[in-house]
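**Q** Given the structure of chain A, go ahead and fit chain B onto it with the hints provided.
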Amino acid sequence: MKILVAEDEPIMLKTIELRLKKDGYDVIAVSDGREALKQIRENTPDLLITDIMMPYSSGLELVGAVKQELASPIPVIILSAMGQEEVVVKAFKLGADDFLNKPFSPNELSLRVKRLFGKVQQ
Amino acid sequence: MAGLVVLYCLYYSARRNKFRNQKLRIKELIDPYISQSILTSMETEETNLRLPGFEELQQRCHNAYNRKVIIEELILARKSLSGQAAETVRQLYTSLQLQTDSEKKLSSYKWHKKAKGIQELSLMQQRQYWKNIYRLTDHHNEHVRMEAQAGVVRLLGFIGLRFLNTASYQLTEWQQINLLYLLQSMPAADFKGIERWLHSQNASVVIFALKLVSSFRRYELHDLVMKCLHRREPAIRMQAFRTLGNIYREDTAERIIHQYAEETYDNKLEALKTLGKIGAEEVAPFLVEETGNADQQIRMEAARALLQSTPAASEVLQQKAIDDQSWNTILAQLENEIRA
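Those protein sequence lines, which keep their order, are chains A and B. Okay, so the first sequence: first residue is 1 according to our numbering, each after it adds one. Okay, so the second sequence: first residue is 1 according to our numbering, each after it adds one.
Isolated chain A (complex conformation) (with noise of 0.2 Å):
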């Protein structure tokens, strides 16, 4: 399973794409919205980890893209702030599938990727 993790912070960015290696996937680690939508078209992952306010394209246009640019819609989940929550509401509108607000721990995104693969595998 090859997952794609859009984060800015690259403290962030590295610890989730540690705890994701460390389940066993292959992880795309991106740290601005362009690169992502450029791994999106040409990569196409199986899961979507995004923040929302990141450089060059937002995690709401990921989203946009993801659910409708690709054939099969992969799931996708937002990581987000505090005071953030009408952006997570619109990223759902668009086709999140999943949202965690920060702080977080990434053994809780690590359940949350396992679920979410487990739904998509039913």
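Careful, some of the hints might be misleading.
Claimed, not checked - No more than 25 Å apart at the CA atoms, straight line, and that leaves these computed lysine-lysine pairs for DSS-like:
hint: 1; chain 1: A; residue 1: K102; chain 2: A; residue 2: K114
hint: 2; chain 1: B; residue 1: K79; chain 2: A; residue 2: K21
hint: 3; chain 1: A; residue 1: K102; chain 2: B; residue 2: K273
hint: 4; chain 1: A; residue 1: K102; chain 2: B; residue 2: K68
hint: 5; chain 1: A; residue 1: K22; chain 2: B; residue 2: K27
hint: 6; chain 1: A; residue 1: K102; chain 2: A; residue 2: K90
Read the hints as simulated data drawn from the structure, not as lab findings.
**A** Only chain B this time, still in chain A's reference frame:
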């Protein structure tokens, strides 16, 4: 003169590049170290770790600029992480003795450094500094004050709100939201002090206390909230109406109606919203009367509350639409709301 300017520009540019490169080098060291520590701590359930590279980090910490960068990175990570991962970040901060840098910032005469120091110490749960931070909760600088108030709540939880006893400045709307958010993410507390704050002469403290009653559903304070409806500040009365919508009893609606005639226009609208939330059938006659009010907004709010209070409301409102065309717009909007 021009030569001096050029020389200064060259010096400034070189200095900036030097710091930029130094920052990059230290980030290259600290970022993977933090990530690896978090991951290892989750595997081993040990948060006080010394991974290979720790000694080098300690060495680099002899330089003040490196310490500044490391603190920034740790704070950034701490803000995004919770649970054991957050504890690992905190342990790393203390094992590198970085709290002493944050403590120095507390005594800086520059407000932004002071505020930063408070944030660092409180995010990193350095409880031994709570008194130093508490002293700044009524500071004349708004940023320092707000950070200190949030800081004591981060460190002590609900007990930290003790600063409200003597708060002489108004709490901004944003600060109230921030404090409520911090409190909601903490374990349920011993809610002592709210009674006192409801009697405060500082209007923003009373409003915040009313929000606490509402958020934490302190039903036992119902009568004290009712008393706030007799305060002369309209903003306090408005918040009291809102709070009553969350802690109402059988007699709440009747007492709100009793107060209604004396209220300001905005508070009348708020009172109607609360009556709708309570949804007591006994208040239907009062609401029907208000649907005849000359003001369109009042009519609308009364109709909305009526729909929430009695199943017979639709029929009453449709009858009104037959007699008065302006009701068609109100009805259409309310039907849309119900559908949504």
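**Q** Does each hint hold? Answer for all of them.
**A** Here is how each hint holds up against the structure:
Simply put, K102(A) and K114(A) have alpha-carbon atoms about 19 Å apart, close enough for the 25 Å limit, and the pair holds. Simply put, K79(B) and K21(A) have alpha-carbon atoms about 23 Å apart, close enough for the 25 Å limit, and the pair holds. Restraint check: the Cα-Cα separation between K102(A) and K273(B) comes to about 33 Å, which exceeds 25 Å; the hinted pair is violated. The suggested pairing of K102(A) with K68(B) holds, with an alpha-carbon distance near 24 Å, which does not exceed 25 Å.
A hinted pair counts as satisfied when its Cα atoms are at most 25 Å apart, and K22(A) with K27(B) qualifies at roughly 23 Å. Under the criterion of a C-alpha separation no larger than 25 Å, the hint pairing K102(A) with K90(A) is consistent with the structure, at around 18 Å.
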